[in-house]
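Asker: If you want the building blocks of each chain, they are given just below.
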Amino acid sequence: MSFDIAVTQLFNGVSLFTILLLMALGLAIVFGLMGVINMAHGELMALGAYTTYLTAKFFEEHMPSLMNVYLFFAIALAFGVTFVFGYVLERGFIRWFYNRPLDTLLATWGLSLVLQQTYRSVFGAQEVSVPLATWLSGAWTVSEGIQLPLNRIFIIGLTALVAAGVYLILHKTRLGLRARAVTQNRAMSSAVGIDTNRVDALTFALGSGLAGIAGSVFTMIGSTNPGTGQLYIVDSFIVVVFGGVASLIGTVFSGFAIAQAQTTLEYLMSGSMAKVSILLLVIVVLYFRPNGLFAPKMRS
Amino acid sequence: MSGITRRRFIQIGGSLVAAGAVPAAGLWPKIGYTADTVHLGLLHSLTGTIAIAEAALVDAEKMAIDEINAAGGVLGRKIEPIVEDGASDWPTFAEKAKKLLQRDKVPAIIGCYTSASRKAVLPVLSQSKGLLYYPTYYEGQEQDKHVIYTSQEATQSVIAAIEWLAKEKGKTFFLVGSDYIYPRTCNKIAKPTIARVGGKVLGEEYAPLGHTEFSSIISKIKAAKPDCIYSTVVGGSNVAFYKQLKAAGLDGTKQVLLSTVVSENEIDGIGKDNAVGYYACMGYFQSIKSPTNDRFVKALKAKYGQERVVGDPMECAYNSVYLWKMACERAKSFDVDKVIAASSELEFEAPEGKIKIHKTNHHVWKKVRIGRARADGQFDIVHESGMIEPNPFPKL
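Order-wise, the sequence lines are chains F and Z.
In terms of the working numbering, the first sequence opens at residue 241 and continues consecutively.
In terms of the working numbering, the second sequence opens at residue -13 and continues consecutively.
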């Protein structure tokens, strides 16, 4: 492996890490903190992706001069739409299933099927393509052999921003304080006057909104079709479970470990074998540390 | 809870018999054709992952049926399509084929897209003496008594494409595909062909179906610096693959890439900007200039909307209906054996030009074309072969 390739691969690893992290952050909040197994999380990403597609269409037709900056509007809009959708979903659907993990699993899986079929009816079974702004296409040529795609650099930056934002919300705001309190001890939080219903709804909506941002970003590197969400949901669950449920730091580290391992292995062996190796690694680690890499210490 | 009393037994038993009788009434065989109508089965995935590529075939088939009906039908009977959804699930394909053949008694089915679905239907066809028209390019290595293969097999795509690339573009190859039967078989055929034309394979990579992270494969391609990439990446993965190739600086102006699976329909989803300059090898392109094709494209757009594009599988699906109709007329019967016998050396003036069913091997003589993707999602045809004889079991 030459130096150029090594640098490119390292960059690819970092890029995959940010993509995994972006996917897993929303899930880490909904599944990790709230304990809701939301099988429709992938479809929320798809909702974000389709929102981006519609925004792109709108700008193309009505404001072609602003096509270069539509992405910022699209990301904000994707967050807004999925946030509201998540809020309504929690109030009207998810909250009836708290403390019934198996029912939640089935109900949200059913919901994911309904959403997929809805996308298929509205947008058609064909893939839709979102145009990339001109300043994002192309690559930054570091040297002859090293070209770093601009859209991936953008995603790395955006993920850093989003991750920092999530950290600040959870650790520096009243909502974050309440959310963490409710996560740790619902009954006690309720007793000291926290409106746990409201906190639940807002936390779930925040997780959904993050899925929307992830979906919006994926339109830059991958495809958007009604089944898109299914592609990402498994990876997201692996990252969250591997890192340790209820630990955002764990999610970050596990995303980094999985991404670097995957890009390195993919270069050394075939894509399918790399995937198998990663899954084996995850299984072995979970065997010895059933709560994941960074399980919070609990009194039993 | 006491045991089952006699009364309870009769109650339950009676209701079970009654419940069973309802679907049984529906299962009673119908007759496949009457004095003025004949049924034709259309069996494709309308839902599930493959629906992206496959659902459009039904539109082309329905258009052919409408045209034939408007012109007086087949043997004086109007064709009535019976559409079934294979749901991208192979056992479902077998089940629906059984339903079409045994309950609806259709004299022929036009259907399937993936090889897996076709393989699932084969036992049903031989058991029920059915007839299937298979309208998709595939990897060859099959010749079933009950199937007419109306699209390209490997000699008419892989071998033709490799020979053209080696002659025009360069002799070193990198093979990339999705990880399942079609790409692996195509590459198995491609490798000895590359050796035969004096070329060299620099790498062979497979990505899992639906994969969206191609950065490592692209790194390997960049390290190998091949003259040509031969791609059999299918479905949604193509979007990621093309976008990431372009971002890594290997766009259609700098790198030769040829695919045997990306038609106009796929480009719609990949995004026109991302596919510009890459090559595809197909029997049919929408941009073919001929009066028959002009009429075909115009009719299709009039029926399904101006923004619709037509790809190779849609055209082959359309041809299939006509090939069946002509074989029936030649045989003066809907009987499967007679129709198959009458199909031998049957000629049809298709949108892609004249095609002819082979005398014995159930595949189709046809021209093969290589197109280069333009900015508008259509292809410039850069090469057109003569009529190539189909050979599902090529000597390698």
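Check the hints yourself; a few may be wrong.
[Unchecked claim] In the EDC-like style, the derived pairs of lysine to aspartate or glutamate whose C-alpha atoms are separated by at most 20 Å in a straight line are: (1) 258/Z x 300/F; (2) 208/Z x 244/F; (3) 297/F x 370/Z; (4) 206/Z x 440/F; (5) 206/Z x 343/F; (6) 381/Z x 128/Z; (7) 208/Z x 435/F; (8) 515/F x 165/Z; (9) 515/F x 190/Z; (10) 211/Z x 384/F; (11) 353/Z x 149/Z; (12) 258/Z x 301/F; (13) 297/F x 45/Z.
Since the hints were derived computationally from the structure, they do not count as laboratory data.
Asker: For each hint given before, does the structure comply? Return the numbers of the non-compliant ones in rising order.
Answerer: 3, 4, 5, 7, 13
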